[in-house]
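Here the protein sequences line up with chains A and B, keeping their order.
Just so we're aligned, residue 1 is where the first sequence starts under UniProt numbering, counting upward by one.
Just so we're aligned, residue 1 is where the second sequence starts under UniProt numbering, counting upward by one.
Short derived list, chain A residues pointing at chain B, Cβ under 10 Å:
#1 Arg28
#2 Met54
#3 Lys130
#4 Phe142
#5 Ile147
#6 Gly225
#7 Ala304
#8 Asn315
The set of hints was computed from the structure by calculation and includes no laboratory data.
Glycine included, every Cβ here is placed at the ideal spot set by N, Cα and C.
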Amino acid sequence: MSGTTTNKPHPSSSPGLKSLKKTNPFRRFWKQIDVQLMVFPGILLVFVFSYIPMYGVLTAFMDYNVFTAHRIFENPWVGFKHFEAFFNAPNFDQIMRNTIVISLLKFFIGFPAPIVLALMLNEVRHMVFKRIVQTITYLPHFMSWVIVGGLVMSLLSTDNGSVNILLKGIGAIDEPINFLSLKEYFWTILISTNVWKEIGFASIVYLAAIAGVDPHMYEAAEIDGASKLKQIFHITIPSIMPVIIIFMILAMGSLLNAGFEDILILASNPILRPVSDVLDVYVYRIGLQNQRYSFAVAIGLFKAVISVGLLTMANYLARKAGSSLW
Amino acid sequence: MRLKRVSFGDRLLLYFIYAFLILLSFSALYPFWNAFVVSFNEGMDTSRGGITFWPRVFTWDNYDVVFQDNKLINGFLISFYRTIVGTVSATLMTAILAYGMTRSFLMGRKFYMIFFIFTMYFGGGLIPNFLLIRSLGLMDNFLVFIIPGLISVWNMIIFRTFFKGLPAGLEESAQVDGCSTWGIFFRIILPLSGPVIATLGLFTAIAHWNDWFVPSIYITNPDLLPVQTILRRLLNSNIIELSGLPNDVISKINSARTFTSKSLTSATMMVVTLPIIIVYPFVQKYFVKGVLIGSLKE
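I would like the entire structure built from these sequences, with the hints used as guidance.
This is the structure in structure tokens:
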């Protein structure tokens, strides 16, 4: 076998390959059937579980619910009826407001929080302390939303809830507050819980970026008598700016993902719906609980189309900024 | 060790940072600790309030009850089973696909890549997925935990990047020795891929263990429910009768009046969290590695 014709010789890369390539793609395919068989199951699975559902979005333009014909394409086409129904629905404004407000809150609070944590951890010179803080703050990331929800319910409950015990102890309240059934607290609880769960783990990438900053810059700054705070703002932050920008752009790409599991779990009380219903949660309830499939698919499609636009734009910007999702 | 004078402002900043980090660590740990303490305190006593850092009336009874709950025990077995089967099969399938996709002579490789990446942008959504799973007969079927998650495009890309970084010479010499592509994959590539397999496998395993949503929509048979989904129902319902406890235990609970749903769900939460807490310190470095691999651009 000659290793001179190609960089990576393979059983099929015999000297006759070049002529084969032009003459007979089927024979060439057959010669590499072993590798094709490696990718075939993956292609089949992705086709079935990702592409067939895409085809299923056509039901958004039909009248299909649990009472109509079981075979999807025996149902009548209705054009944009369900989209119009959603846009004119009395709770449309509310759902859009919740989706946008919760996403923006998550973006403006949840996005910078791990950066601040990384900057703080970087100032810690006591390595054991740093490792302990990291280990502890990463932990909540690995807990399911069921567990996190259970912990939040337990902390906020009126029955031995620590938050109520604390507030009562400092004299801020007289009677325990049932936080998880009051609309005015929901956004605060949702955002705090998200930050609590993800702040540590999300700081890893920023810590790695900070580790790559040239230490000579700090030495020079110290000689010039720059304070720690000045060093953070004039050396560390500018140095990791490219990473921050990439992650910010990518976060903007998923701006309509206001949350799903976290809201399903934390807003299990129906009283909260006026502040907790976001697009994804509404699709779930209308589609799977009320079984109005077409209506739910239409809402989902509406969201997906905007999301694709945002994601494409984000990835385009990220590419311009020097990186991309892949 | 550098000796230098630390200015007053810098010292103040450092104190602030240490104080903040201690507070943050405390807030990350306290909810777990409090639930742990409540799970060891007598239920009726807990509802009198004031249980924070230490149990007042210590008892094992909550755990006694939890471990007699047949539904929960069964849920644990389902969770373990799906985590092991799901992780091994998904990691292997995704790695095989990824290796195939690294072969430069693979016909249609560019098209396949677009085919996979497109799914990262757009998906059919919840309802079309649900209708598909239903029409495939995967409702109330253990395989619904395994098959739809066999291929992760994101993990495939990470695997592929890793495989591309392996020295090409090894594969070449194996080919000269007459080793097939599959042989090269199993005998050379996989043994060299320990770190990336461990990392992606651990993330997959955690996702399997933590998943409560898939079973909540696709499974109605209570014998197939994993423990997270059962726990979610217990937390929402607060009804002891919903559990799979033997009747005599239920009547004992009702007559003893020392249990509350809070004390029992706390004990259940602790048992569900325990497997992760136990493995967490040992595998933490892989998690950190995983994030960094994932965020590297190709």
